[in-house]
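Number of protein chains: 2
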Amino acid sequence: MKIAVEITYLPLSAQGVTTSDGASGAVVEFAGVVRGEEDGRAIEALNYEAYEDMARSQMGKILHDLEKNFPCDSVRVVHRVGRVPVGEAAIVVRIEAKHRSEAFGLLSAFMDRLKMDVPIWKSVS
Amino acid sequence: MKIAVEITYLPLSAQGVTTSDGASGAVVEFAGVVRGEEDGRAIEALNYEAYEDMARSQMGKILHDLEKNFPCDSVRVVHRVGRVPVGEAAIVVRIEAKHRSEAFGLLSAFMDRLKMDVPIWKSVS
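One line per chain: the protein sequences are A and B, in this order. Letter by letter, the first sequence follows residues 1384 to 1508 of my numbering. Letter by letter, the second sequence follows residues 1384 to 1508 of my numbering.
Derived from the structure by calculation, the hints contain no laboratory data. Please note: incorrect hints may appear among the correct ones.
If chains are identical, the list can't say which one is meant, so a pair holds when it fits in one copy or spans any two.
Below, simulated DSBU-like cross-link-like pairs (lysine-lysine); rule was C-alpha separation at most 35 Å, straight line [as the list claims (entries may be wrong)]: (1) K1444 / K1481; (2) K1505 / K1451; (3) K1444 / K1505; (4) K1444 / K1385; (5) K1385 / K1481.
Take the sequences, apply the hints, and build the full model.
Right under this line is the structure:
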């Protein structure tokens, strides 16, 4: 499984899901987007902070771990840090897999582990 | 939940996942792409046929059903029919939801139901 992990201060972009190399039958892109409401009050942005080196290596380790249960062809994770305005993505995950069950399983398990085990924090900006 | 269902003979495009209206915190796009191998032999394309009216209404009904368990903000399904070359998408599903769990649940359950209950067939082209 090809694994790529990045942390960036720039707005995120997505590659699009409509084509693959013909080996992957399932392509999925997910974005976690900042909502206009946090704990019931309106906000304009969230601020994300990370221990960048540790966050990157931890995300890589989690993906490597999950590969045993959810073997996919490739996964790319880009997490934005700094100020992220409402309506913009804080994280984008793209997965290509032979079949959709592994892709959905990896995506869901990775997002759960990310929240628990990766040193990235958010606060109202 | 806004529901949109389409069947088309044209190549599919995706909208991109990196922004939402600020009400949705999870945006997911999935493509089911034609693989270069079917039952162990190399292929160049698959041919999809549908009872179009019935397929459209059945997809709408399934999504309406699933909304009870997985209430999302919007879902759009576009299924391509006719000849779909290897590496191109036969279906694209885009979902926006407040939280990712409903989005992932809807996507996975819809794809399972689609394969069982919607009159769309594929054959090697």
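Tested hints:
In this homomeric assembly, K1444 and K1481 come within 35 Å of each other (Cα to Cα) both inside a single copy, at 22 Å, and across copies, at 28 Å. In this assembly of identical chains, K1505 and K1451 lie within 35 Å of each other by CA distance both inside one copy and across copies; the values are 30 Å within and 31 Å between. In this homomeric assembly, K1444 and K1505 come within 35 Å of each other (Cα to Cα) only inside a single copy, at 22 Å, whereas the closest approach across copies is 39 Å. In this homomeric assembly, K1444 and K1385 come within 35 Å of each other (Cα to Cα) only inside a single copy, at 13 Å, whereas the closest approach across copies is 38 Å.
Taking the shortest alpha-carbon separations for K1385 and K1481, both the intra-copy value of 13 Å and the inter-copy value of 30 Å come in at or below 35 Å.
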